[in-house]
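Engineer: For chain A, the structure is supplied; the task is to place chains B, C, D and E on it using the hints.
Residues per chain are reported as follows:
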Amino acid sequence: MTFAFAFLAVLMVASAGVAMLLRNLIHSALLLVLSWAGVAAFYLWAGAQFVAFAQLLVYVGAISMVVLFAVLLTRRSAGSVADVEPATFARAAAGLLAAGLVGGVLGATMLRSHFPTATGEAPKISVHDIGVDLMGPQVAALLVVGVILTVSLIGAVVIAATDPAATDKEDKP
Amino acid sequence: MTAPAPLTDSFLERVPLLVRDFITGWFPEPIRWVVAGLLAALTILLVFATIFALLTLLERKIIARVQNRPGPNRTGLPWLPFTEGRVFGLGQPLADGIKALTKEDIVPRDADQVLHFLAPVVLVAFSLMTFAVIPFGRNLVSVDLDAAVLFFFAAGAGTELAVFMAGWSSHNKYSLLAAMRALAQLISYELPLLLSVVPVVMLAGKLSTTGIVAAQAGWKFGFIPRWFVLSPWGAAGFVIFFIAALAESNRSPFDLPEAESELIAGHLTEYSGFKYALFFMAEYFGMMALSGLGVTLFLGGWQAPLPVLEVIPSYLWFGAKLMLLILLFMWIRATLPRLRMDQLTRLAWKFLVPLALINLGNAAFWHLSAAWPGLPLQAVRYAIGVAVIVIPFFLIGRRLSAGVAPRTYRYAP
Amino acid sequence: MLGSGIIQGLAVTAKNLVGSFHDPARFTTTQYPEERTKLPENYRNFPFLVADAANDPIGSLRCVACQICEKECPPQCIYIEKSKDKKPDAAGKQQFFPAVFDIDTSVCMSCQICVEVCPFDAIKMDQVFEIATPERFNALLLDRGQLAKPNTYYQQIHPTEAAEVDARLAADRKAGEEKAKAAAAAAAAKAAAAKAAPAAPASTAPSAPKSPAVPGTEAPKPPTTA
Amino acid sequence: MSMLNACLLLSSALFCLGLAAALVRSNAILVLLGIELMLNAANLNFIAFWRFGPDAGHSAGVMFVLFSIAVAAAEAAVGLALVIAISRHQRSIRLQEATRLKG
Amino acid sequence: MIESPSSPLAPLAGAHVRAVHDAFHGDLLEVSMGPHHPSTHGVFRMMVTLDGETVVKLKPVFGYLHRNHEKLGENTTYLGSMPYTDRLDYFCSMTNNWAYALAVEKLAGQAVPDRAEYLRVILAELTRLLNHTCLAGFLLQDAGASGTPLMYAFREREKILDLFESLSGSRMMCNYQRFGGCRVDPTPAWFDAARRVTEEYPRFLDEYEALITGNEILMARTQGVGRLSAALAVSAGITGPMLRACGVDYDLRKAEPYGFYSRFEFRVPLGDHGDTYDRYMIRILEMRESVKILQQALRDIPAGPIFDSKAKIRAFRPKAGEAYGRIEGPKGEIGFYLISDGTGNPYRYRIRPPSFVNLTVLEDMCLGHTIADAVIILGSIDIVLGEVDR
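Those protein sequence lines, which keep their order, are chains A, B, C, D and E.
If you're matching positions, the first sequence starts at 272 in the numbering used here and goes up one per residue.
If you're matching positions, the second sequence starts at 12 in the numbering used here and goes up one per residue.
If you're matching positions, the third sequence starts at 6 in the numbering used here and goes up one per residue.
If you're matching positions, the fourth sequence starts at 801 in the numbering used here and goes up one per residue.
If you're matching positions, the fifth sequence starts at 186 in the numbering used here and goes up one per residue.
Just chain A, same shape as in the assembly:
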């Protein structure tokens, strides 16, 4: 149990960390996909099956695709498909400092605080329960999310397609 968690944790952090360091954009994206898959595995480990599959479907199946597509569409030349120039030193230092500070604060908090934890069985939640919940108490949220999704999708298409000079680009999702 703990071992599985440790393994997943190392996988997630390592792949995300390496992804952020790499210069090759495609490698970064693929490593991040691995990290997201690790998150899905964590959900599975925690017993949230439905969420895990949803995470896989959305992140590995959809978002990664869109990201890779964007990488290919915005590449500058065939030769340097995916290389990004490194950040300047000042920028890197500032960014890392900020992130380090946030991390320090968060980590210290986590280590110091003692949350009351539940003991006993892992909670079970079936697809049926989720369905009932979505259609019952959470129906308003579901509707809002639906509207947001629709609007953002239409917006994305409009943003990506309304290029003054673009003629007949491929239909983009």
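No wet-lab data here; the hints were simulated from the structure.
Here a beta-carbon is modelled for each residue, glycine too, at the ideal position from N, C-alpha and C.
Honestly, I wouldn't trust all of these hints.
To be verified - 25 Å max Cα-Cα, derived DMTMM-like pairs, lysine to aspartate or glutamate:
| id | chain 1 | residue 1 | chain 2 | residue 2 |
| --- | --- | --- | --- | --- |
| 1 | C | 87 | C | 46 |
| 2 | E | 495 | C | 169 |
| 3 | E | 477 | E | 347 |
| 4 | A | 395 | D | 855 |
| 5 | E | 504 | E | 526 |
| 6 | E | 256 | C | 75 |
| 7 | E | 244 | B | 353 |
| 8 | A | 395 | B | 157 |
| 9 | C | 98 | C | 177 |
| 10 | E | 291 | E | 343 |
| 11 | C | 76 | E | 259 |
Claimed, not checked - If the Cβ cut is set under 10 Å, some of the chain B residues that face chain C in the computed set are:
| id | residue |
| --- | --- |
| 12 | 73 |
| 13 | 84 |
| 14 | 347 |
Structural biologist: Here is chains B, C, D and E on its own, set in the frame of chain A:
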């Protein structure tokens, strides 16, 4: 997969489970479930790898016959008696396998070595994972997940990534174009595929594959099976599902990523030897998995079409239906030319998605009108169900094929 | 209706799938090496040299090394060396013969022009097509010995054409013989006359089997007639 | 250290990585990916609390993650559409160069 | 960023090029399609510059199969060039032979017997069937139809090739026509076989059309793709079905009847759009007309000699002068231009190859279409590299 076989089933039905219980019986209780799981995985791997090998031959034979050729018929199995060493070219898969294994594995110098290696591995792994949730028979499902359909698509998502990895890592312009095509195609067809499955989930009220098969059990009037494909929305959903499945598994007429006449072999251009064979295998696995899902969702899974035919064990029924779908795949491949990229995406977004959405409403109507009393009303219900999907088909179809029509020609005076 | 054309196409392929199992008009494959289609009589491949005697092909070649084919051959794949001496041909007349006659079949394009220009019916087209060889250099360079094949073989592969050629040659020979006979008779008569009137020069016997084709005057022989 | 704390630590580590990426990298796509990673880290917390928290098993955690994933998908779509639009206009996706809102 | 197209016909296609040029924003991908590419019909190379999948520039490169044919012709006897003409467009050796024979006969003032003229028409129309059938198959293969239409086309082509083989001795390198007639007189059995093939051909065409002509995918792939305007076609010297698909009524068999074509009833189909679908359909319709010509010719063929007895085979030396013989080959106008200086070899030997001339508008047709379209546009031009490169 660890539940004991119910004794009510016939002996043939229980054979696989009995074998499993026999083997797991050798192991101590605590690790039996592990052994059972491994056994299931191994069985799937062996069975489907064998089917894959035979399918490659079958496909070549069928396409050859469609083209009025005999197809591969030289390579036999030399140790088979009375065949003069050549029986229907049955040794061809074996010979192909040996060839693929012994061929030099060429990796282009500028290729992304790691991704180039990982792509086929990831592809086969993910396409094999999808088999886990398909119920091959009455009691034959490796993992009876609550959210099995979701799992299927989640695992299938990985294969798209692998195709992209292959195309991109090869460092070849054709492969890069193929990678772009693969991405656009897979994104476009994921949606109609999912949307065509949603009505099934809606009417069965379950995401679990076994539950969906169970929802199709029984016979109307004692002989018409209650398979979803026999209802108007089910038939439409099945057709949409099938078209999207053709695209998802990169089969003709949607084989744009590997379009031989344009991109040579697309993302496979720089693959050789065993890695190429893995891609090939994954393509067939993908095809079989999607066909299996289609059988499960629309064609009643492992259920027999008639009550009297239930003597035949369920896994054979599943196999027969699977073969039927795969033959359909092959038949279509032997007939149709390829679409162009923009037409491919247009077909998905402007035709399949709207139809799938309409079909969703159709399924809802079907569900709500289930209680209409009397045969005449049921007939009306059926007619409405058909009309709701056929009329939009005509309207959208006419818009889709606007400007494209057979022509008449004039002759010089 | 959208899709009707596709369904029609599927019907056609299904018909062909079924048809290939029972309809020989659809399923036309022959399983070459085991099964072979009969070659048409006119089929041509590479040239061979016709020899009159089956037991001594090289010795009885019709070829008189006139080298017309060598000159006319478009890809120039024929190489001939004329003999120094003469020897009698089938009709008994003294002729040159090819000391070397090579055809490079890796260059030859089977155009049949050598056959058409030959005034002696000495070179004809063969029907052996399985001449592939792993040897890269000299195996496809056929020499006199490999090229020489008896007339009986020619009769076998191109029966109509060979019959015609034989008839023509026989007629020519007969005409030649008659001419010779007549010439001999004339000579005898002349000799007799010469005896009567001596000191007349004895004419040599006229060439017996004069070739039928005088260059440029005769139509190409149609190998088959309707 | 309880399991919950471990999960929270993990999530904060991921969050910081995402934050660092978003701040340090100049490539728009990578920044977007960093933000996605931060979202994921937050989601991880919800599941951690759902699993190990004091009120374990309450469906709110799972629900929230589901909604969050849906919104993340929308966010990615819009974000990447913006990236593509920017790249079309400026022929670059370096954020330093994307200084104008007007096309 | 892209130079104006090097084609001299640029002004005509200029607007299109500019539109594409303006639309062009992303980076270009230059792909070298060929010389070893499955769908360039031989060793042909297209340097394609792509924006996404759209062709913004296409530079055809050929000459990989150059065999010095015309120079060889000047150093070979008149007859010696005949087998080389087989190898120009190896689908149409019979018509190539005829065009060359026609040129030499004009040069030498050689008459041809009636039976031979009929035979030439029969063989030319059989060649047209063969060529168009294969083209339809190849075009569909380029469109991605996993070989089925191609195999059907080859099945039928085989029947015609069998006819050629039993007549001339070779399936493709027929070398059949001679100056002053033909080489071999067909037997009655051959005529029976030819009649049978002719009779069965419409049935095959029906089946083929059922298979593919009404196919929505094919129509979507080809209609409106690779449009060629009549003006551009005429100014570029396009001939054959490709020209007639643009709606220009120009068929040498009607415009300048050679041989005995004026004796036959047939029609010339014309297209209105000049796109790939028209080019495909025009060929299908031409095949139906060819069948009609064949039926008439096989019915009317007279008995008699097939070779003018006054013609020379050896020592053929036409008087000094020049001649241009041209016929309507399956791919377009194939012509031979000869100058004789009275010796056994021509002084100048020049070919007007339809494949080569028709290929010149490739870029103009492909611009603005996708790479997949470029492949089928190339397929619809119907080139044979043996003739393009010579």
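Engineer: Look at each hint and say if it fits the structure.
Structural biologist: Results of checking the hints against the structure:
Restraint check: the Cα-Cα separation between residue 87/C and residue 46/C comes to about 32 Å, which exceeds 25 Å; the hinted pair is violated. For the hint pairing residue 495/E with residue 169/C, the CA-to-CA distance comes to about 21 Å; that is within 25 Å, so the pair holds. The hinted pair formed by residue 477/E and residue 347/E meets the criterion: a straight-line CA distance of about 21 Å does not exceed 25 Å. About 13 Å separates the Cα atoms of residue 395/A and residue 855/D, which keeps this hinted pair within 25 Å; it holds.
Proximity of residue 504/E to residue 526/E is assessed by CA-CA distance (about 7 Å); at most 25 Å being required, the pair is judged to hold. About 20 Å separates the Cα atoms of residue 256/E and residue 75/C, which keeps this hinted pair within 25 Å; it holds. Between residue 244/E and residue 353/B, the direct Cα distance comes to roughly 24 Å. Compliance with the 25 Å bound is thereby established for this hinted pair. A C-alpha spacing of about 11 Å is found between residue 395/A and residue 157/B, which places the hinted pair at or below 25 Å, so the restraint holds.
The suggested pairing of residue 98/C with residue 177/C holds, with an alpha-carbon distance near 13 Å, which does not exceed 25 Å. With a CA separation close to 33 Å, the supplied pair residue 291/E and residue 343/E exceeds the 25 Å bound. Annotation: proposed proximity of residue 76/C to residue 259/E holds, straight-line Cα distance about 15 Å (limit 25 Å). For the restraint placing residue 73/B at the interface with chain C, the shortest Cβ-Cβ distance is roughly 7 Å, inside the 10 Å limit, so the hint holds.
At its closest, the beta carbon of residue 84/B sits 8 Å from a beta carbon of chain C; the interface hint therefore holds under the 10 Å criterion. Because the closest C-beta pair between residue 347/B and chain C is about 7 Å apart, less than 10 Å, the hint holds.
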